[in-house]
Amino acid sequence: MSEAPAPRRAGLWLWVPLAVFAGFFVLVMTGLLAPADREVASAMIGKPLPQFDLRPAVPGRPGVSTAQLADGKPRLLNVFASWCIPCIAEAPQLEALARQGVEIDGIAIRDRTQDVERFLDANGNPYQRIGADDLSQVQMSIGSSGVPETFVIDGKGIIRHQHIGDIRAEDVPKLIEKLREAGQ
Amino acid sequence: MTRLLLLLLALVMAAPLPAQDLLPPAPYAYKQLDDPAQEAKARALMETLRCLKCQSQAISDSDAPMAGDMRHQVRSRIAAGEEPEEIRQWLVERYGDYVSYTPQLRAMTWPLFAAPLVFLGVAALLLRRRFRKTRGAVK
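Chains as they are written, first to last, in the numbering used here: chain Y, 3 to 186; chain Z, 22 to 160.
Derived by calculation from the structure, the hints in this document are not laboratory data. Treat the numbers as computed from the prediction; the structure is a model and nothing was measured. Any given hint could turn out to be false.
Said to hold, decoys possible - Straight line, CA to CA, 30 Å or less: simulated BS3-like cross-link-like pairs of lysine-lysine: (1) Lys75/Y with Lys176/Y; (2) Lys52/Z with Lys62/Z; (3) Lys180/Y with Lys74/Z; (4) Lys49/Y with Lys52/Z; (5) Lys49/Y with Lys75/Y; (6) Lys176/Y with Lys158/Y; (7) Lys62/Z with Lys176/Y; (8) Lys49/Y with Lys176/Y; (9) Lys158/Y with Lys49/Y.
What the hints assert, rightly or not - Here are some chain Y residues pointing at chain Z (derived, C-beta under 7 Å): (10) Thr32; (11) Ala45; (12) Ile47; (13) Lys75; (14) Trp85; (15) Ile106; (16) Arg114; (17) Gly145; (18) Ser147.
Stated by the list, open to error - Just a sample of chain Z residues kept apart from chain Y, beta carbon distances all over 10 Å, derived: (19) Asp42; (20) Ala47; (21) Ala65; (22) Ala101; (23) Phe134.
For every residue, glycine included, the Cβ atom is placed at its ideal position computed from N, Cα and C.
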C-alpha cells in the first residue's frame, strides 16, 4: 500500500451512496404515503370528437352522433349506465342543469333498453338524446375510463373539459363556467 | 322475537345491488381469433395494456366488462389487419401513457433508457482506471 488516495476527498465520496439512498427513501415514502390518484384523465381534451353514430338507447329519444353534437351550441355529454350507482347520485344535479337550459346528451354504456327506461323513470330524464354504446367503443374513443363521466363539448364538437365521477352540487358552478367558456 | 327473526331473515335474503351490466360480453371478449398467428399478436398486446377499471391488471387478466370490451377492440382491430403498435398508439392518444405497461420513450422517461448506458460507461471508466493502476504497480 504505497500510494494511499488523499483521505479528505475519499471521505467526502464515502457519503454519496448514503445520500443517494436517503433520496430514494424519501421518494419511495412520499409515493407510499401520498393518497393515490386513481383517475385516468382523458388525453382528448382540446381535440375534436371522433366520428360515431350511436343507435337510440330508448324509443323516446334520438341516438347520438358526432354530426349532431357539433351544431354550434356548447353542451354536456354525460357517460352513464343504468347499472351504475353513482349515476343515481348525480341525477338531481343533471336535472338542475337541464332546468337551467343546459343541453345534455347521454351515452349509455353496455345497457339494455328496458334497464335504461327503468333508470330514467326512477331518476328523471335530463337528456335530449341518448345513444347506446354496447361495446364501450365510443367511451374508449373519447378517453373515458368509467361511469359516470361528463364532457363539455363546444359548438364545433371539440372536447373542452372532462369531469370524472358523479357531479356533486359543488361541481355545478365549475361545469357552468366551462360551458360558458366553450360558448365564447 | 318474531320481529328479530324476520329482521334476520331479511338480512339473509337481501340481494346485493349489482354494479355490473346485464349485457352479454362483447363477441371477442372471451373468444379467440381463428388465425393462431393473429391471436398470438393480440394476446401479446393485451398483456401489456392496462385495465382502466382494475388498474393493476392487464386487460388479458381482467373480467371487468370494460376489459372485455377492450379485448374485443384489440382482437377486432388485429383481425382487420392493424398492427399491435398502432392499436397501442390509438389507446395512448386517448388515455395517455398510463394505459400501456410498455414504457414509451418520452421527455419524462428517457433517463429510464439512458441510465443503463450511463452505468455501463461509469463501470468501464472505473475498470480502466483500476487496470491502469495495477499495471503501474507491477512495473
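Next pair to validate is Lys49/Y with Lys176/Y; report whether the Cα-Cα distance is within 30 Å. With a Cα-Cα distance of about 20 Å, the restraint between Lys49/Y and Lys176/Y holds, given a limit of 30 Å.
Per-residue hint verdict: Ala45/Y, partner chain Z, C-beta under 7 Å: Where the cut-off is 7 Å and the nearest Cβ of chain Z is about 5 Å from Ala45/Y, the hint holds.
Compare the distance between the alpha carbons of Lys62/Z and Lys176/Y with 30 Å, and conclude whether the hinted pair is satisfied. 44 Å, violated
With a cut-off of 7 Å on the beta carbons, see whether Arg114/Y makes it to chain Z. With Cβ-Cβ at 6 Å, under 7 Å, it holds.
Proposed proximity, Lys62/Z with Lys52/Z (alpha carbon, max 30 Å): 14 Å, holds
Given pair status - Lys176/Y, Lys75/Y, alpha carbons within 30 Å: 18 Å, holds
Restraint satisfaction for Ser147/Y [CB to CB of chain Z, less than 7 Å]: At about 4 Å, which falls below the 7 Å cut-off, the nearest Cβ of chain Z leaves the hint on Ser147/Y intact, so it holds.
Regarding the hint that Trp85/Y lies at the interface with chain Z, is the smallest CB-CB distance below 7 Å? 5 Å, holds
Min Cβ distance, Gly145/Y to chain Z: is it shorter than 7 Å? 4 Å, holds
Holds or violated: the hint that Ile106/Y contacts chain Z, with Cβ atoms closer than 7 Å. Not OK, violated: Ile106/Y not within 7 Å of chain Z, min 22 Å.
Assertion that Ala65/Z lies farther than 10 Å from chain Y (Cβ): Given a closest Cβ separation of 20 Å, the condition holds.
Distance rule for Phe134/Z, whose beta carbon must clear each one in chain Y by more than 10 Å: 19 Å, holds
Checked against the numbered hints above, the structure violates hints 4, 7, 10, 12, 13, 15, 19 and 20; every other hint is satisfied.
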